[in-house]
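Asks: Spelled out from the first residue to the last, the chains are:
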Amino acid sequence: MEDKKRLTRRDFLKVAAVGTAGLAGACSQIPVTGKDKEKIVVGMSRPLSGPLAVIGDSAFRPIYETWVPEVNAEGGIYVEEYGRKLPIELIVYDDKSDVGTMTRLTEKLIVEDKVDFLWPASGTSFVFAQAPIANKYGYVLITAEGGATSIKDMLPSLPFVFVTLSFSDWYQLPVLAELLGEKGAKTAYIVYIADLHGIEYSGVAGIEFPKQGIDIIGVKSVPPDIKDLSQIIKEAKASNADVFCCFAYPDQVMPATGTSMELGFNPKAWVGGPCVNFGFYHTTFGPAAEGVLGFTSFSPKQSAAAKTLADKLYTGKPEEAQDWWGHPLYWAGLEIWKQAIEKAGTLDQAKIRDIIATEKFQTVLGETWFDNGLLAKECHTGEIGQWQNGVYEVVGPKNMATADTVYPKPEWPTGGG
Amino acid sequence: MLVTFLDIVIAGLLLGGLYALIAMGLSLQYGVARVLNISHGEFIMLGALTTWAFYTAFDINPLAALAICGPLAFILGFIIHRTLYKRLLNSSGSLALFEGNSMLASFGLMFIVQNLALMFWGPEIRGYSYLAFPVDLAGAVFGANRLVTLGFAILIGLTFYFFLTRTRIGKAIRAAAQDPAAAGIMGVDINNVLAICFGLGAAMAAIAGMLISMSYPVHTGMGLEYTIIAIIVVVLGGLGSIPGSFIGGLLLGLIGSIVTYFEPGLALAAYYVIFILLLLVKPTGLMGKS
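So the sequences go chain by chain: X and Y.
Per the numbering used here, residue 32 is the first one in the first sequence, and the count goes up by one each step.
Per the numbering used here, residue 211 is the first one in the second sequence, and the count goes up by one each step.
So that you can see chain Y by itself, here it is in the shape it has in the complex:
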């Protein structure tokens, strides 16, 4: 009984850690930069396939690919925001209008990135075996690669939390999340901060993609389903709240794991039920400000 319980909880946390990482990235982009980035999953896909390519072609350790994928995705995200979204922000009359416009633009971005990847890598499923051996935890057995994934997800989540709370740029990001106009008046270089947020979001997506590729097969069409999960988690955790996204991700993973134990087919349905309940009961999310 205890082993079954451990099994379900840890399996949930393993998946939840990934969800948390993905959602934190989207939370930065949507909560702070106000871009409901439908192409978020495409950055996950880029991270995953780049890691796979490095591992199979050059034998580069997937965890070492972190040092390549993360910064590259950050630069890519930063440039995309400085060029595409900054123009939209300037040309949109209001923030509400910008949210609509930027979402449409991110749809376009999704198609462009996905099709470029399709041309480059094709639609085949890719995968590799890395640390695929069992580890015994008090009678419950887990794959070593998944435990490493969870460890990394937590580590990155915590690092990021301290970055936001302890550093100057973190403070600027939080200020921009609360009130971009006021933050701008107080001397925060708002365009820069928003671009950094978007870049960090892309970097987290790519890192999540790298971790996903260690445990799951990957392909160029994998992005959208992760985008949907990320949107659910961000709303669950509360818009703009990074700790909310982290906790929301773990929670969603747990719920998915419990439901899967009884009936695998209902996992996704359960996510949506929670989504609906939340919108009815607490529309601001778990840690959102009313």
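One chain only, chain X, in its complex shape:
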């Protein structure tokens, strides 16, 4: 009996010791598991295939593929709540350039994968569809590719959505109209793609051009799958307009350029985009790109920060990868996101949202802030660009220009490239 009691006591002590240690360990672990965050998981639905892959792969993709490794190389983003830096991990799904698939993938990222943050899909109509979803779940969404003329009026009801890219009436076309008006342009012919992007741009041009004394003497919408643009270019040529605008995607702007050359249509100003702003436009058309106008937001000549960014993104890479319109704005958007998380000291979306909405940040653009959900136009470092001597110069607005607008544009080079 005695033996048994002693054994029991010893056993009890053993068990108690192990148990207490275990419990202590467990107790000490409970708060740790709550705070134990290894990484910040960011989810994206992107057009890795399909017609928009051309845009996605040249625009936001090179930005996040450069920015994320750079931040992670420094250990990640410091979050006070966890007392340390957390690296970023990306989950990227392919939406095949389909809006419906993108909306499903966005919900999946939020509801199923429970990502910490959502990064943007690609394209104007995609932003339009994704913004309400992000807002519904209280996820901050800083957009990349895509204009926001239509969504602009809805932004007050979408407090979690922030638009980085410049677009038609923010503040590209007013600047374009002023530049062309000053140079003496009187008439314009507009071709636009029959989707939200084209409708927004042609609509805004219809307001801004006449203000500067430019009459719109022809407007034609084209479907995304159009092959032969020759009849439209012929009509534009017959109209004798000073300005030709092609508000469409590369699939239309590239053949519109080729067809203009083939048919000898050389208006005083040839404007096209998004497309002219990409390096692949220049590599395709070479000297024929001279004088063609497009949209832009920076030039490495403007500041040391702009030059550093351009060197980081483009040095040692093929020219095709360049995008003079979106890149600095997307980069600034990511910088703002990082700084807001650091300031908030937490991954709480609502707190981060409040900081992004109200505070100012130092980015590649200089002092940067959002103005009612849009990247303030005072932060833009350019709106209109033009190919001059193989360089995509900022020509408008004038206070940021790196070169004067060449008007009328030179003749297309003759013969084969």
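Quick caveat, the hints were computed from the structure, so don't treat them as lab data.
Yeah, the Cβ is synthetic: ideal placement off N, Cα and C, and Gly gets one too.
One thing to keep in mind: the hints can contain errors.
[What the hints assert, rightly or not] Label-pair ranges, simulated between beta-carbon atoms:
no., chain 1, residue 1, chain 2, residue 2, range
1, Y, Val213, X, Lys348, 27 to 35 Å
2, Y, Phe373, X, Pro163, 56 to 64 Å
3, X, Leu121, Y, Ile270, 34 to 42 Å
4, X, Gly131, Y, Val483, 23 to 31 Å
5, X, Glu373, Y, Glu473, 53 to 61 Å
[Stated by the list, open to error] Coverage of chain X stretches by chain Y, computed from C-beta distances (three or more under 8 Å per stretch; other residues unrestricted):
no., segment
6, 277 to 286
7, 376 to 382
8, 415 to 428
[Said to hold, decoys possible] Stretch by stretch, here's where chain X covers chain Y in the computed footprint (C-beta under 8 Å, at least three residues):
no., segment
9, 218 to 225
10, 342 to 350
11, 425 to 438
12, 468 to 477
Put chain Y on the given structure of chain X with help from the hints.
Replies: Relative to chain X, chain Y alone:
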């Protein structure tokens, strides 16, 4: 007025010539080899991007790339038929079953070819300027490259027609198109003929791709829309009829051009309307056998 008319008709023929070439290739594959080749457009894409790569990297004239792309695509198509589709043909119980199976297989082939190309070339739009200057035809102006494209399309179409009607292997192909079983009994090496047809179809697609790259920007995702046009033209022209595909292609180009003159957005819709009307009125196609 006359100039406008010329403009529309010639623009239609320029596009139609390309359609004709694409459709003749598919017609061989579907009409004779009985493979509704959904990956047809991918061979167009391969031809186009190879031409672009040769031109930009090695400065090889796009028209000279014809001599490289055509034979390469033929060999590729021939091998694919001898390995993939011949197995399917042997394992499928009936011709109807084979048509279904081979179509599914060609879907797979489409994804494989497209993704390999995507890995190799990426999704960027590619293009180059070649013969991009105006030519005046009785007051109507056209790009020189497009006229060259039409010339080539007609030349290749005619060559091919004579090949089918005047040569022994052409005769075997026509026999196989009419009745593969009977042709086999009469001593035609049917497996060989079908593989040749599939290879020739791939070669025509690649040549069409080469011509397309001279006038239009190209990218790895461009194939499917051309496949759809080719299917419409093949049905329009009549299954298995090469002249039917040629005429159907030109006709579709003309219709597209006329509709585009009035409303560009309706061109594709017009193609489908014609497709539906044809199925209702003459399901065998313009030159198909009832």
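Asks: So, for every hint listed, does it hold in this structure?
Replies: Evaluated hints:
In this structure, Y/Val213 and X/Lys348 break the distance hint of 27 to 35 Å, their C-beta atoms being roughly 47 Å apart. Remark: the range hint 56 to 64 Å for Y/Phe373 to X/Pro163 is upheld by a beta-carbon distance near 59 Å. X/Leu121 and Y/Ile270 have their C-beta atoms about 40 Å apart, which keeps the hinted 34 to 42 Å range intact. At roughly 26 Å, the beta-carbon separation of X/Gly131 and Y/Val483 lies within the given 23 to 31 Å, and the hint holds.
Distance hint check: the CB atoms of X/Glu373 and Y/Glu473 are about 54 Å apart, consistent with the given range 53 to 61 Å. Coverage of a stretch by a chain is defined here by at least three residues with a beta carbon nearer than 8 Å to that chain's beta carbons; for the segment 277 to 286 of chain X and chain Y the count is 4, and the condition holds. A stretch counts as covered by a chain when three or more of its residues have a beta carbon under 8 Å from one of that chain; for the segment 376 to 382 of chain X and chain Y the count is 0, and the coverage is violated. For the segment 415 to 428 of chain X, the stated coverage by chain Y is violated: 0 residues have a C-beta nearer than 8 Å to a C-beta of that chain, whereas at least 3 were required.
Under a criterion of three residues with beta carbons nearer than 8 Å to beta carbons of chain X, the stated coverage of the segment 218 to 225 of chain Y is upheld, 4 such residues being counted. Residues of the segment 342 to 350 of chain Y with a Cβ under 8 Å from some Cβ of chain X number 3, which satisfies the need for three, so the listed coverage holds. With a threshold of 8 Å between beta carbons, the proposed coverage of the segment 425 to 438 of chain Y by chain X holds, since 6 of its residues qualify and at least three are required. Using a Cβ-Cβ cut-off of 8 Å, 5 residues of the segment 468 to 477 of chain Y lie near chain X, which meets the minimum of three, so the contact claim holds.
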